[in-house]
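2 protein chains.
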Amino acid sequence: MADRPTRRPRAENPKGFRDYFGAEVTERAAMLGRIAEVYRRHGFDPLETPAIETVEALGKFLPDVDRPNEGVFAWQEEGDWLALRYDLTAPLARVAAQYRNDLPSPYRRYAMGPVWRNEKPGPGRFRQFYQCDADTVGAPSVAADAEICAMLAAALEAAGIARGDYVIRVNNRKVLNGVLEVAGLLDPADPARMAAERGIVLRAIDKIDRLGEAGVRALLGPGRRDESGDFTKGAGLAPEAAEVVMGFMAAKAPSGAETVARLRDLVRGSATGAEGVDELETIAALLDAQGLGADRVQIDPSVVRGLGYYTGPVYEAELTFEVTDDKGRRQQFGSVAGGGRYDDLVERFTGQKVPATGVSIGVDRLLAALRARGARPAEAEPLVVVTVMDRERMADYMKMAAELRAAGLRAEVYLGNPKNFGNQMKYADRRGAALAIIEGSDEAARGVVQIKDLAAGAAIAAGASLEDWKARPAQVEAARDDLVATVSRILGR
Amino acid sequence: MADRPTRRPRAENPKGFRDYFGAEVTERAAMLGRIAEVYRRHGFDPLETPAIETVEALGKFLPDVDRPNEGVFAWQEEGDWLALRYDLTAPLARVAAQYRNDLPSPYRRYAMGPVWRNEKPGPGRFRQFYQCDADTVGAPSVAADAEICAMLAAALEAAGIARGDYVIRVNNRKVLNGVLEVAGLLDPADPARMAAERGIVLRAIDKIDRLGEAGVRALLGPGRRDESGDFTKGAGLAPEAAEVVMGFMAAKAPSGAETVARLRDLVRGSATGAEGVDELETIAALLDAQGLGADRVQIDPSVVRGLGYYTGPVYEAELTFEVTDDKGRRQQFGSVAGGGRYDDLVERFTGQKVPATGVSIGVDRLLAALRARGARPAEAEPLVVVTVMDRERMADYMKMAAELRAAGLRAEVYLGNPKNFGNQMKYADRRGAALAIIEGSDEAARGVVQIKDLAAGAAIAAGASLEDWKARPAQVEAARDDLVATVSRILGR
Chain R
1 MADRPTRRPR AENPKGFRDY FGAEVTERAA MLGRIAEVYR RHGFDPLETP AIETVEALGK
61 FLPDVDRPNE GVFAWQEEGD WLALRYDLTA PLARVAAQYR NDLPSPYRRY AMGPVWRNEK
121 PGPGRFRQFY QCDADTVGAP SVAADAEICA MLAAALEAAG IARGDYVIRV NNRKVLNGVL
181 EVAGLLDPAD PARMAAERGI VLRAIDKIDR LGEAGVRALL GPGRRDESGD FTKGAGLAPE
241 AAEVVMGFMA AKAPSGAETV ARLRDLVRGS ATGAEGVDEL ETIAALLDAQ GLGADRVQID
301 PSVVRGLGYY TGPVYEAELT FEVTDDKGRR QQFGSVAGGG RYDDLVERFT GQKVPATGVS
361 IGVDRLLAAL RARGARPAEA EPLVVVTVMD RERMADYMKM AAELRAAGLR AEVYLGNPKN
421 FGNQMKYADR RGAALAIIEG SDEAARGVVQ IKDLAAGAAI AAGASLEDWK ARPAQVEAAR
481 DDLVATVSRI LGR
Chain G
1001 MADRPTRRPR AENPKGFRDY FGAEVTERAA MLGRIAEVYR RHGFDPLETP AIETVEALGK
1061 FLPDVDRPNE GVFAWQEEGD WLALRYDLTA PLARVAAQYR NDLPSPYRRY AMGPVWRNEK
1121 PGPGRFRQFY QCDADTVGAP SVAADAEICA MLAAALEAAG IARGDYVIRV NNRKVLNGVL
1181 EVAGLLDPAD PARMAAERGI VLRAIDKIDR LGEAGVRALL GPGRRDESGD FTKGAGLAPE
1241 AAEVVMGFMA AKAPSGAETV ARLRDLVRGS ATGAEGVDEL ETIAALLDAQ GLGADRVQID
1301 PSVVRGLGYY TGPVYEAELT FEVTDDKGRR QQFGSVAGGG RYDDLVERFT GQKVPATGVS
1361 IGVDRLLAAL RARGARPAEA EPLVVVTVMD RERMADYMKM AAELRAAGLR AEVYLGNPKN
1421 FGNQMKYADR RGAALAIIEG SDEAARGVVQ IKDLAAGAAI AAGASLEDWK ARPAQVEAAR
1481 DDLVATVSRI LGR
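As they're listed, the protein sequences go chains R and G.
Going by the working numbering, the residue at position 30 of the first sequence is 30; the numbering climbs one at a time, nothing skipped.
For the working numbering, count along the second sequence from 1 and bump the result up by 1000.
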């Protein structure tokens, strides 16, 4: 017996995982349902891939290329390495290749579900979280990118973010490549080194919100030591070269036309850069024609997105209202969605170019934003608890609950130990029940039931006036046959 | 370049996994939504636990105790063994222990989501599948079991299974224990051996549908060799002892009252057995009072459920209509849901008894049943494809689609290469689109659009009469400003 306690399993989640209860589940499902409806109306079809993929199919596309083997939950099964998906894009690329002869082309699909990251958990940082993606595979035109941006705006509004509370910022990787090319920062003779440096530059730019200009400048140069003393190696650019990149990031002007003009100037001499600027102009014009002006979509050179696989337009949805952070500071809520064009992901499998573009919404961030914005959760449907006064008459109580349900109400019989009536009331209170039904032997003999209005009772306890109490008595007696009608009336049905 | 092909990842699911497309996703979601609504109306709250649990929290409760270390996907992370959940009951037991001071008691919860089994995949057998569970934790009374059975009936009907097409069969583990006790088959002096033998007996009985009487008799005795030559060790009961068990399984009588009388006879002398028979009688009476008679709920001693952890009532929903199996034989569809009372699972964590009971619906089986029953999937919403006649005018086409969507219709612009108009029509066909919108330079100059009715066109191709064609012409011209009104009229909106 002595070793008994140590042999008991611990009742706890693994680190970085959590459980979701009640309204947390239904609110998320309701929000995802509204977003799916927007996607569906745009002609996107649902796709659900399994949680598990082969490691070779997933590839290594997480932002943190410094630790290429970390970031995923992986294990070996009979010689094959399997892993939990870390996003919904890699499985889509696999599907697009696997079913390439059967899917319509272009293939528009949406997907929503959990993804897993084997990263160090932190406050508010979990290792399982939801994503909600929409992608178009097989459409080379930037009209597909413009469609995704417009649809993202519609999805955010359907989720409950008011117009004016968000902005979708658009950039193009080709413009950045053009800038780097013009400035002679990349050495085409050494593609591996070029890719590595380019990756460091991209990730540095992506961190401007968090690190500020000085931090980014350090990462573009020799490197940066953070507050904890950890050193991150930089791209090793000369100071003048770093200044060119910084200038590009600051190229945003008050109007989109001015920004485009500045960018065109910055990439003069680079065919890739000019193509990128043209694409930005086209996207802006297509969105403008649909009424999405600068109040909702803006060209912003500081948006690069950390992922290495983007090849053209990139976009990010930011929430512009302020919230108070952990340390009591007011700051903008920030990014809740992002995406871009990735023309090479399907080619990994097939050897043939397949253009693709899409967006991923961070579901938990968006839910947090709605809560920060004071969105009231949908009023929970009132619950009726039928109490148990006489355990021999359980069948009668269950019949009451069944009658209430048949009338469309939410009702349950108390199923704990009925001996202590106080416990039953405490239970109804903990459940947030609206009404309790009481039928003791006296009531049964007289053919009546007592209907206790728990909300009114709480109001009286909190000091409601006599008038209030008369207008809404905390308990009414009704004929047993009028149970459903009386309950419906009290609940305003 | 020579090794290029071998370095490409294969675009395929790991063995035993599959993807779900379009209606497969939405039909399942719709069915789960209808079931959730039933659970919710009975006072059950949603709970979503993560996919990953510690191996110690999950425990080993899979039916196949012969291979206790198999059946789950597990891996080691920094010393801890983690695993994917193999059902929704083990995580609930963990939650009930972890939050025991915060949850209402009794705690009614429902949960739906994928579970993973590391088993050999086969035709129609996947290693990831959906379950949809409802459980009550903390209610010792069999009224909780009766509630689950009644709710299961309501859930099946909400899912689309007609009354008369299913039956819920109820048994009680205590009755079986009583029978074994009376027959002297279990040796209380050797609990380990007793548990092992009892497990083999349970699993043998559970296979009666598949193995037939002779197969079960072999498993109760020395063991059984299957067609492939594999040998499964039996419980080692003497032939007379095996006959007692076979007699118990066959104790079902035409009426519930007769079955109860037979069972009471079989367990005479065993207190546990008598308790089990009393519980069965109470459940039947409670269900009867709610109108669930023998057409929907039956006491059936052959139901034992394979899982070792059940301690009292067990139940199973069977679909009674016939379907044609792989080999062309007609047979009953069989089980789609099952559950029972497990009073010991939470105690693993806390050391304190916490009674619990619940049911799990096999979602994929139930969907297959609905399809076998000819349930038509909800009519897909008609899709309108706006074709691209002039790629310079993409903004105009996108505006048309946006207008159609604003009127609540499903619409998309063709985003492939627009050069070949035939490809656009082929695409619309593959998408099952209802209408195509065409606006070339001629139409644009005249301020009109062509609206092509693809369903009508297909009917003409299939030989519709001239009258049909006049009543529903395959193509109409409309003023550009009347686009939305005309499309709405054709689609009957």
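To be clear, the hints were calculated from the coordinates, so they are not data collected in a lab.
Since the structure is predicted, the reported quantities are computational estimates derived from the model, not experimental observations.
All residues carry an ideal CB built from backbone N, CA and C; glycine is no exception.
Treat the hints loosely; a few may be bogus.
Pairs of lysine-lysine residues, derived as DSS-like cross-links and limited to a Cα-Cα distance of at most 27 Å, are as follows [what the hints assert, rightly or not]:
id: 1; chain 1: G; residue 1: K1419; chain 2: R; residue 2: K353
id: 2; chain 1: G; residue 1: K1327; chain 2: G; residue 2: K1207
id: 3; chain 1: G; residue 1: K1060; chain 2: R; residue 2: K15
id: 4; chain 1: G; residue 1: K1015; chain 2: R; residue 2: K60
id: 5; chain 1: R; residue 1: K426; chain 2: G; residue 2: K1353
Just the calculated beta-carbon pair ranges, DEER-fashion [claimed, not checked]:
id: 6; chain 1: G; residue 1: A1368; chain 2: R; residue 2: F231; range: 41 to 49 Å
id: 7; chain 1: R; residue 1: A395; chain 2: G; residue 2: D1226; range: 30 to 38 Å
id: 8; chain 1: R; residue 1: A395; chain 2: G; residue 2: R1193; range: 36 to 44 Å
id: 9; chain 1: G; residue 1: P1123; chain 2: R; residue 2: K419; range: 25 to 33 Å
Okay, the hints, checked on the actual structure:
Simply put, K1419 of chain G and K353 of chain R have alpha-carbon atoms about 19 Å apart, close enough for the 27 Å limit, and the pair holds. Among the hinted pairs, K1327 of chain G with K1207 of chain G is consistent with the structure: their alpha-carbon atoms are about 20 Å apart, no more than 27 Å. A hinted pair counts as satisfied when its Cα atoms are at most 27 Å apart, and K1060 of chain G with K15 of chain R qualifies at roughly 21 Å. The straight-line distance between the Cα atoms of K1015 of chain G and K60 of chain R is roughly 21 Å, inside the 27 Å bound, and the hint therefore holds.
Distance check on the hinted pair: K426 of chain R and K1353 of chain G sit about 22 Å apart at the alpha-carbon level, within 27 Å; holds. The beta-carbon spacing between A1368 of chain G and F231 of chain R, approximately 58 Å, falls outside the hinted interval of 41 to 49 Å. Between A395 of chain R and D1226 of chain G, the C-beta spacing of about 46 Å breaks the proposed range 30 to 38 Å. A C-beta distance of roughly 42 Å is found between A395 of chain R and R1193 of chain G, which places it inside the suggested range of 36 to 44 Å.
For P1123 of chain G and K419 of chain R, the hinted distance range of 25 to 33 Å is not satisfied, since their beta carbons lie about 54 Å from each other.
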